[in-house]
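Chemist: Using the sequences plus the hints, can you model the full thing?
Residue numbers (the UniProt record's numbering), protein chains in the order written: chain A, 1 to 332; chain B, 1 to 332; chain C, 1 to 332; chain D, 1 to 332.
Hint data in this document are derived by calculation from the structure and do not stem from the laboratory.
Think of the CB as a built atom: it goes at the ideal place given N, C-alpha and C, for glycine as much as any other residue.
It is possible that some hints are incorrect.
Stated by the list, open to error - Computed from the model, here is a short list of chain C residues facing chain A with C-beta under 10 Å: (1) A123; (2) H141; (3) L145; (4) E283; (5) L284; (6) V286; (7) P292; (8) K293; (9) E295; (10) Q296; (11) G297; (12) F298; (13) L302; (14) D306; (15) H307.
To be verified - According to the in silico footprint, chain B covers these stretches of chain C (three or more CB under 8 Å from chain B): (16) 55-63; (17) 150-160; (18) 269-282.
Claimed, not checked - Far from chain D, by Cβ distances over 12 Å, these chain A residues were calculated: (19) A67; (20) D75; (21) L108; (22) W173; (23) E181; (24) G226; (25) K260; (26) S303.
Protein chains: 4
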Amino acid sequence: MAELGIGLIGTGFMGKTHALAWRAARAVMGGDLPEARLELLCDTPHDRADDMAGQFGFARATDDWRALVSDPRVDVVSITTPNGLHHDMACAALKAGKHVWCEKPMALTLGEAEEMAEVARAAGTVTMVGYNYIRNPAFRHAQKLISEGRIGRVVHVRGWVDEDYQADPDLPWTWRARLDEAGLGTLGDLGCHLVSLMVGLCGPIESLVADTQIIHQTRPLPDGTGRGAVENEDTATALLRFASGAHGSLSTSRSAWGRKNRLDWEVHGTKGMICFAQERMNELQVYLNEGPKAEQGFRTVLSGPDHRMRPATQRLTPISASSSMARVRRCG
Amino acid sequence: MAELGIGLIGTGFMGKTHALAWRAARAVMGGDLPEARLELLCDTPHDRADDMAGQFGFARATDDWRALVSDPRVDVVSITTPNGLHHDMACAALKAGKHVWCEKPMALTLGEAEEMAEVARAAGTVTMVGYNYIRNPAFRHAQKLISEGRIGRVVHVRGWVDEDYQADPDLPWTWRARLDEAGLGTLGDLGCHLVSLMVGLCGPIESLVADTQIIHQTRPLPDGTGRGAVENEDTATALLRFASGAHGSLSTSRSAWGRKNRLDWEVHGTKGMICFAQERMNELQVYLNEGPKAEQGFRTVLSGPDHRMRPATQRLTPISASSSMARVRRCG
Amino acid sequence: MAELGIGLIGTGFMGKTHALAWRAARAVMGGDLPEARLELLCDTPHDRADDMAGQFGFARATDDWRALVSDPRVDVVSITTPNGLHHDMACAALKAGKHVWCEKPMALTLGEAEEMAEVARAAGTVTMVGYNYIRNPAFRHAQKLISEGRIGRVVHVRGWVDEDYQADPDLPWTWRARLDEAGLGTLGDLGCHLVSLMVGLCGPIESLVADTQIIHQTRPLPDGTGRGAVENEDTATALLRFASGAHGSLSTSRSAWGRKNRLDWEVHGTKGMICFAQERMNELQVYLNEGPKAEQGFRTVLSGPDHRMRPATQRLTPISASSSMARVRRCG
Amino acid sequence: MAELGIGLIGTGFMGKTHALAWRAARAVMGGDLPEARLELLCDTPHDRADDMAGQFGFARATDDWRALVSDPRVDVVSITTPNGLHHDMACAALKAGKHVWCEKPMALTLGEAEEMAEVARAAGTVTMVGYNYIRNPAFRHAQKLISEGRIGRVVHVRGWVDEDYQADPDLPWTWRARLDEAGLGTLGDLGCHLVSLMVGLCGPIESLVADTQIIHQTRPLPDGTGRGAVENEDTATALLRFASGAHGSLSTSRSAWGRKNRLDWEVHGTKGMICFAQERMNELQVYLNEGPKAEQGFRTVLSGPDHRMRPATQRLTPISASSSMARVRRCG
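Modeler: Written as structure tokens, this is what we have:
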């Protein structure tokens, strides 16, 4: 039976998510997939790596990510560390001949991301950025309807992605507020997901104009010595023009009270409209100008056995995503 | 018993609506209101004016709007004609000392609107533009919550207003597609309602950047002789900055399949969020960062006896609305 | 021009509603309708009748309903008084040759209702019970879809009608809690609306089994002298079998916190399903087993110009409604 | 590290679900849980067992369930076979000293279920029936609010559970239509889930009256030789009285077009109301009669970090569930 040795770096929220995904993939997708052998887990300090290896079911643990990316029994490297580490880890893993699944955002700057993409092309291994929402069967169904021309020519598109984890003015300052450690603010945490969805639905973005906003200019330092500056954006909004000729807009906020995982979009076509809301992730809203007017309406299509999830068969080129991100950044 | 003589110009969709409003106002609002005496109805040809006066319950009919605005038994003039006629009718009525209720959009150009506002100031009578949605008890309740500081400082606001009456590419060309007859496209028909709501919630807009789009560049001429050009916008989207410091955005489309009367907005504050959707016009969605986190959620507040509608007590200055409109136009 | 002289008894919530309906009918429905001349308004004391006649626009006022029902200038009598008065007023009006629009519930007992129906048959005038929800264009569209076989054979139906006006245990006792004055509790106030809808969708109910419940057995007397007994039901739930062979159920509560006007139903057919919720009264939910499974879903059909409201053209026989009501009552 | 050897019988939809749950449990819940060692998988024929053991990650495979339940390296037995086999497998596993997780419905008859419960008591091992919905954090939050008195005394409760897997009249006849193989129809497949939720929210059901219905009396035999009789119910509806004094109702259908996993309930209290809909399983709707009337509304509480899922700490006594089920059955 074919096997892949899995190495995972990071054991936080996304590290746990990758571990669960690796444990479930073959049982969910079927016996044609290779077995994912949970080989090596990396975190610091070593004690934590040991503990989490036990919890997640990895055979071995390490506190040295360079050892992990070059380990001969590791075939695939999952990178779930803070943003500033993605570039070095991914490049090292790719140069060691590993496949790489790297969490979003790819990197802190466009230059870093382009370099990662170049290294990936040279390595020739399989790579993927953690844009999980483009695997949702509801999203795939939307793509299918659009590609079949069911809503006609796509003319307009809008999207929003909001959470409230930075809404409270009294939350303490963290490194996430620094440009040199976290890079982008809400665009890196949330906005890039939306870009991955929009590009997947409507093709590349050609140009844009944007506005960003820092709502809470400073936050209390955790050590009680005063207040630290917030350097990256709380909200960002952009007017978009797609290469296809469609117009649109996107808006994102990490300070939007009540939003826990809002990631909504709507695609306007000349024959219909498709809408989606992530907080109701199993529902696709579809309106088609078909049949008698009196019977038309938005249809709530619930995901089910007729909307199958498939393993990724085409590689996601990192460059396209990173470029879009960079364009967003420039206009901030 | 106090009485007001009502003159109504126009018997289309909005003419009928004004007629119904005049017939119902006192019965709904109470006996303290003056009686609205349906005095004179104007449309062309005279036959139609006669028929509709019968249907709407007006005492007399005319086909001469100049006669109506100067009729001594008319105290208030309701103007519900095509956009290009608003300016002349409103100015004439104001100069004759009448109160004026003029449908939106006020005028074809900012210059016209400013002149109307100047004439209104000189006349000193009561005037109102047809921004009916700002009278909705749900909207009034939102204003109350905001003014009381319940959602904290308003930091971000978004809005959308969409219909699908121009979504079908095969619809014939009409005068509504001409700049010199209809003026603005979706901004005049739909967008100005949204501006009236946003200004009512967040105060004046200070600056903006916008993009517009004509989706269907031509439409078939009704006489079958070819295709006519569409001169005004099908969609418009803008990045907004409010005088208060809040940022935001708005987007409108008259070609959005499935939307029959979408007019949605959301106001983000530092302590909460309020959202509204016109197609569910009796519901206000309110999220407050109050009480235990585990019990927080958007509250669906249904309009009821505790959210009373009140007669307008303050005059809506036409100039503020028209200026906002004009600013939107300039960036098209 | 044809005219009908209108007499209205009662000036409370429903009295105001009838007044508004009479004022709007012709303007809404068109010039083919006769003009509704607001002739005579009755309430007690006479002062109140005078005041409300002014507010509603009636020509004359009286405090003597017997005078109203026999007034030669009155052609139609609207009855909006407390339930216990419906029988006597309606019978007197019918015997005087008037058309009668009587609010629901028709009467306190089945016997009374059957007598009213008998008198109506003898009079030969037009009569109507105040089941307004069966005039909703969304409901009419549902009826049309069912009658055309779009959802196949109707096999199951469910409905709920809830409000919270008796949910608070501390509300004072009123005459509405007495069987001999108010008759039924939530069944008379709310349940009969649901029966009118179900019968309109699925035909007559053949048999049923029901359960009722008094949640608050006593309420504080308004004069502070103790507590008064609640004699009629707060909730009622029934298993239904329709003459057509369909099964179903209904449930109603006047003590359901948060419900302001919940009146929901769903009709299950062998080819589809239709659902409705009154608090979103312009939306019909329609699921049809048509087309590819992957594209099926509940369609939210918004009421619009393609779902026209029409004036009632067929008489609503009071007996059918009252019998259904009575069957419900017997099993309490 | 503590370990539990897992034996799984069945590899269909629920078999896969149990396999995934066992693979994920420790990674999700934390390192305090024993490691679940996937020891032995049983299905027929042996080839299929081998294949699925590979896919699910079980060490060994067998086609003999009696060998599995007595295997010394198996500590826990997951039973996911057709209903008619539950009783024998569970009793054999319990007598061999194993812990048992048995899918619902427990058994074909009340007698069988009571015998299983008796054997479980004698064995003293940990047992669980597959009522997974009572583990939903949203449900747990509802239980917490109720137990803390936040909605006051529970007075009324309603529930519905519907799917459409038997809605199509042309679906072929299967063994699921036979009383002696499948037992109950929609009550066994769907209804018992609702009963588990209602009992969890409102305590035991004391008495009920019910009605059942077979919508499609026969279905085409798969071999084309004619039509076979459907012996068990397509819908069931019951009036309920709880031991606490609350009234209520439930209704279930396996022939409800458009419903993919509808499992909705609402609990009416003297101070508030809680509602839930499984198709939006991360949302709880909560209405509390607290604060100003004008600000009250149903709150959509999204499940999140403040509503943690916990491992089951109390044993679910099979008998309580089976008795409720049996009471439902008797009134069919």
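Chemist: Against this structure, judge whether each hint is valid.
Modeler: Verification of the supplied hints:
1. A123: violated (38 Å)
2. H141: holds (7 Å)
3. L145: holds (8 Å)
4. E283: holds (8 Å)
5. L284: holds (8 Å)
6. V286: Given a least distance of 7 Å, the restraint on C:V286 holds.
7. P292: With a closest approach of 8 Å, the C:P292 hint holds.
8. K293: holds (5 Å)
9. E295: holds (7 Å)
10. Q296: holds (7 Å)
11. G297: With a minimum Cβ separation of about 4 Å from chain A (threshold 10 Å), the hint on C:G297 holds.
12. F298: Check passed: Cβ of C:F298 comes within 5 Å of chain A, closer than 10 Å.
13. L302: holds (6 Å)
14. D306: holds (4 Å)
15. H307: holds (6 Å)
16. 55-63: As far as the segment 55-63 of chain C goes, the hint holds, because 3 residues have Cβ atoms under 8 Å from chain B.
17. 150-160: violated (count 0)
18. 269-282: holds (count 3)
19. A67: Answer for A:A67: holds, closest chain D Cβ roughly 23 Å.
20. D75: The assertion about A:D75 holds, with a minimum of 18 Å to chain D.
21. L108: Non-interface label on A:L108 holds, nearest chain D Cβ at 27 Å vs cutoff 12 Å.
22. W173: holds (21 Å)
23. E181: At roughly 24 Å from the nearest Cβ of chain D, A:E181 sits farther out than 12 Å, so the non-interface label holds.
24. G226: Holds, since 29 Å exceeds 12 Å.
25. K260: With a cut-off of 12 Å, A:K260 comes too close to chain D, as the shortest Cβ separation is near 5 Å.
26. S303: Non-interface label on A:S303 violated, nearest chain D Cβ at 9 Å vs cutoff 12 Å.
The structure fails hints 1, 17, 25 and 26 (numbered hints given earlier, in ascending order).
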